[in-house]
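Visitor: The hints should help you fit chain B onto chain A, whose structure is shown.
From first to last, the protein sequence lines stand for chains A and B. Mapping the first sequence onto full-length UniProt numbering, position 496 (from 1) lands on 496, and the numbers just tick up by one. Mapping the second sequence onto full-length UniProt numbering, position 292 (from 1) lands on 292, and the numbers just tick up by one.
Rather than coming from a laboratory, the hints here were simulated on the basis of the structure. Some clues are possibly wrong.
Remember, identical chains collapse to one label, so a pair may be satisfied in a single copy or spanning two.
Unchecked claim - 20 Å max Cα-Cα, derived SDA-like pairs, lysine to any residue:
1) Lys79 / Lys662
2) Lys79 / Pro608
3) Lys577 / Glu589
4) Lys508 / Gln454
5) Lys236 / His258
6) Lys662 / Ala141
7) Lys577 / Ile592
8) Lys668 / Gln85
9) Lys327 / Tyr516
10) Lys508 / Gln596
Note that the structure is a prediction, hence the values are computed from the model and not measured.
Protein chains: 2
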Amino acid sequence: MAPTNTVNVDLQRERDKCTFNITELTHLIDGGPQNTEERKKREDMVLKEGIHVEDVPSEYLSHKEKYELAIKKACLLFKMIRRLQEEENTGMENYRAVLGGMLGSAILRDGSPLTLHYVMFIPTLMGQGTVEQQAYWIGRAFNLDIIGTYAQTELGHGTFIRGLETTATYDPATKEFVLHSPTLTAYKWWPGGLAHTANYCIVMAQLYTKGQCHGIHPFVVQLRDENTHMPLPGVKVGEIGVKLGMNGTNNGFLGFDHVRIPRDHMLMKNSKVLEDGTYVNAPSSKLTYGTMMFVRVMLVHDMCNYMAKAVTVATRYSAVRHQSQPKPNEPEPQILDYVTQQHKLLVGISSVHAFRLSAQWLWNMYNNVTAELEAGDMERLPELHALSCCLKAVTTADAAECVERCRLACGGHGYMLSSSLPTMYGLVSAACTYEGENTVMLLQTARYLVKAWQQARAGSSVPPTVQYLARAAARRHPPWENTVEGLILGFQQVAASKVSQCVQTIEKRQNSGMAYEDAWNLTSVQLISASEAHCRAILLSSYYEETKALVPAASPALRKVLEQMVDLYVVYWALQKLGDLLRFTSISERDIEQLQSWYESLLTSLRPNAVGLVDAFDIRDEILHSTLGSYDGRVYERLMEEALKSPLNQEPVNQSFQNYLKPLMQGKL
Amino acid sequence: MAPTNTVNVDLQRERDKCTFNITELTHLIDGGPQNTEERKKREDMVLKEGIHVEDVPSEYLSHKEKYELAIKKACLLFKMIRRLQEEENTGMENYRAVLGGMLGSAILRDGSPLTLHYVMFIPTLMGQGTVEQQAYWIGRAFNLDIIGTYAQTELGHGTFIRGLETTATYDPATKEFVLHSPTLTAYKWWPGGLAHTANYCIVMAQLYTKGQCHGIHPFVVQLRDENTHMPLPGVKVGEIGVKLGMNGTNNGFLGFDHVRIPRDHMLMKNSKVLEDGTYVNAPSSKLTYGTMMFVRVMLVHDMCNYMAKAVTVATRYSAVRHQSQPKPNEPEPQILDYVTQQHKLLVGISSVHAFRLSAQWLWNMYNNVTAELEAGDMERLPELHALSCCLKAVTTADAAECVERCRLACGGHGYMLSSSLPTMYGLVSAACTYEGENTVMLLQTARYLVKAWQQARAGSSVPPTVQYLARAAARRHPPWENTVEGLILGFQQVAASKVSQCVQTIEKRQNSGMAYEDAWNLTSVQLISASEAHCRAILLSSYYEETKALVPAASPALRKVLEQMVDLYVVYWALQKLGDLLRFTSISERDIEQLQSWYESLLTSLRPNAVGLVDAFDIRDEILHSTLGSYDGRVYERLMEEALKSPLNQEPVNQSFQNYLKPLMQGKL
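Same shape as in the complex, but just chain A (with noise of 0.2 Å):
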């Protein structure tokens, strides 16, 4: 932190005000004061290598810099965590602890070239190979002997794995699979370090054995050469060009002509091809769905984690500038001052806080029914599925809005990419459709839902994050009552008949003829509704439950605000789905404008405390990287220090004058 004398003097005054003890918060966020320390002393010893600093701000290098910077820093960062393992007492057992969170994101801000090595390539080495496979490619992949990705998704084919073209051959004759792709559509499309990065890849493909296919399986292929780095004879291998955002992740095509590797490069866990070319089944497939599901508990994460950087800079920034002057005579006031901002804002902080409570809460959830399933129950499994669908959809898309209105409550300044804030949006909103699109997404949820409601309507069990539906289905409607206990019951009738009208409607269209599959295409708009709806009974009260179970061992003056915040989301909520309630509840316009002035007086209560609630969050200047976030608040001068670092400021005139302006207004271009 900056020492307080340079602190700009607004910023200061929010910080004297706070009501609460934003370091008390800092640990709560943390888990404990004791991981507050260790993550600073993390970030201390990452950020004290410098490899985060960049000469001329990568903003403006060409795509092809671009590119060679984040390899340079990718290197740099990967030989500095192998020396921190090789160091005993640091304490970092493996990469995650470093490149976790938001650290790996200030080194890297716009992806890494080697990130698929560790989250893709190795993992499914462990999850996919047999013993003797993990023993011959996890060394060499630890030991960055070789780097891998992992490719699935082609040119044609995406959320439909079933749909993939590329095909590996078993030509028992030489005991090799003969990779191919046999259309362009076929082309692998997306992968990150792909292009020009990986030498090695684990490719999913069609397995054909015996003139018959067996459905997608996953290989492994060489795409280099180890010495000299260049494509393999029949490997065509590039990168696909520019995009809204991740430009230093290196994403590649990749297509096959007729290449061959050996029988035993296939990930032979669970199904195989013996010599001869037999293919012996897997035992079963349920258990790859706990990777996908780990990885979109991941992703709730990060979301919370952009979030938190997006409200940190928008807070910061409407406490320093300042407009109007609503009242003559008075000075113009901090825009945070207008309820307008306030709106944008402080439901934001909460979301944070919301998302990362009930991540936890589905973590949690993860644990138990992993710890289930290798007991053999599987009972719980799609419960947990259905929510990990809904939750990755809603949090995406709530984190890109959130983003994007903290992007558009900084004004033009939003706008520079040195406020980090479009930067940010670009890899939010890419979670919308990466690791399953949204609407897909809800519409899993969605099927799940519809099945749980027939079945409480049969009377039967229902798992407990779907038990409202059966209260709804035995019509026991709680009166209204305006209160947040209340509203979330509201919530869950809410989407209790949503789910029971679309089950309807699909009922309906079925007995005037239309195939099921029709029927539930055109009921597909209300049926996204539904499971949206769903999910937001879900988050408010894992959010309202988490935090009654903090709260007790808070001082009263955080508690308070803990509990302000739950009721600005709920609120916020309630008032952002009155037609749902006013469809499906007893809610009455009284209780309505009640709900509009509660919402306004949280606002105002919430107000002093909005740079301390973002402060608490404690993401350092280097992390957050923007130069209207950063905690001295020295706004302008850090736009006009960034300004000037652009290229073009390096010289007084531009080339361009004397090529092409100077001829144009002499008449001579």
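Guide: What follows is chain B alone, placed relative to chain A:
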């Protein structure tokens, strides 16, 4: 248009099944076959010059190279315009015909450094200069002897113009003004072309003479030497850095250290400073509203163009892309067959028409009011101002939402810059901030509505577009009717009720002792919502009325589709705003369920015409510039062709392999 035989078969099938004549709709959009022909001729003439063709796609360039390319293109474009102006029979009297609409943006896809010369510098000289000043400056500017821009916004001051800090102090001794930037926050910040392009600038500054401040006035200031382009002494000028978009516009900063300009460089059409320093006041400043309103009407047209491009890309892509297998043993359907996809796209198509017709309606009103103004009648000025504010805010926000939804509807490929959707988003989203930040705009309209309500309540007459307030104030509530007309009346009732509720809340707060400004601020979240509701009612009714006036001339097949699109737009918004309708009208649950099926059946009816509807926008491939959206639907081929243009793909191994990757893998980094 490409010859039919190379068109993707799915797209061709879509065109074959279109139920209306696509060309007829194109003519209707252009305002007659002759306009269509002229537009096409203009496009041919400009595009055959080849200025839009890029050797290396500009997205791969560095920030500096992007500027240099933009200057080159802009100069060549203006050279061409000058030549066409000299050729008598081209019919191109001015640059607007070439640069207006979509054509200019096809050549300078991420903004032009010369735009403000024509859009602000010359118009301000014309509007604010005396006849002598016009004679001196406008010729030089039109002839491009000098290149100018317009500097108003400062680092610390945007929407609130009275807060600007730059000073122009008159010195009667030398008969000069002294321009000065007293603080860092006084630096001009944002003007396009200011950084390294313009050599002249109109600077808005606080005028001081005889020790008194007279507020903001315009001054023509030379910034750079006409021959060497070097900044003049005391002029601190440069560029502000990389932004989310518009990186071809060369936005700059500008500070003055006591820079002297002749007295007659103040534009004195309205106010004057005499030689002795006497200030002579302007007769009326109401007339300057005109320009602002003109710009906002143009902005609504721009939004139409961007939305038309975005829905063209996403709809054609959705016809080409196949995914999943809802029914076993059937092929993967086009994603356009998913009702959730239709839900994302079709309302976007109808919004283009809604915005276009509303802009036209506003344009007619603007012309009427301007004529009245010239006759000294200012009565309808506040109404028009209120309309232009809320339409600016709502159409820019809706357009940004529409473009982003289209981008997300294209899945991962929408994230590629080659889709053109991310660049479009950058441009559209900027419009939410410039020309009046959207929240500020909505509050300005709210101020008008509150006054109008008070008038209506008191029984005074109110202008036409708020006539519905008088109806509501007289408690003449029409019974609910589930028709388009009924829904529009419902939206008016919602707007009136919201305005009335705001007035009540503010008055209640004042009665409890709050100052008016504080009561206003505390109610501002509701005020914004009332203002939006007013705008929705306007958009729905103007779209409906303008279409009604248009369809009698259309063929029956086209008429049907045009009416379906109005229905879709109105029903879509009714379903979006159910909470409001339930609160403030007598709509029933049964009405809502009917609306939902109506909406679903409209999607089904419009589905076969989706491609025909976007084809009718007639945006040629060079202007659309999208791998996903071209007329022939060769989506995957174009994605690959574009990727292969990446400079990274020009060599099989990037130099970073030798410098970093190999040493890392060998443990030698």
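Visitor: Take the hints in turn and mark each one as holding or not.
Guide: Going through the hints against the structure:
1. Lys79 / Lys662: Cα proximity of Lys79 and Lys662: across copies only (12 Å, versus 51 Å in one copy).
2. Lys79 / Pro608: Neither: 45 Å inside a chain and 57 Å across chains, both beyond 20 Å.
3. Lys577 / Glu589: both (14 Å within a copy, 16 Å between copies)
4. Lys508 / Gln454: within (15 Å within a copy, 50 Å between copies)
5. Lys236 / His258: within (11 Å within a copy, 62 Å between copies)
6. Lys662 / Ala141: between (57 Å within a copy, 14 Å between copies)
7. Lys577 / Ile592: both (11 Å within a copy, 15 Å between copies)
8. Lys668 / Gln85: between (65 Å within a copy, 17 Å between copies)
9. Lys327 / Tyr516: Between. Shortest inter-copy distance 9 Å satisfies the 20 Å Cα cut-off; intra-copy 63 Å does not.
10. Lys508 / Gln596: between (38 Å within a copy, 14 Å between copies)
In the structure shown, a violation is registered for the earlier hint numbered 2 alone.
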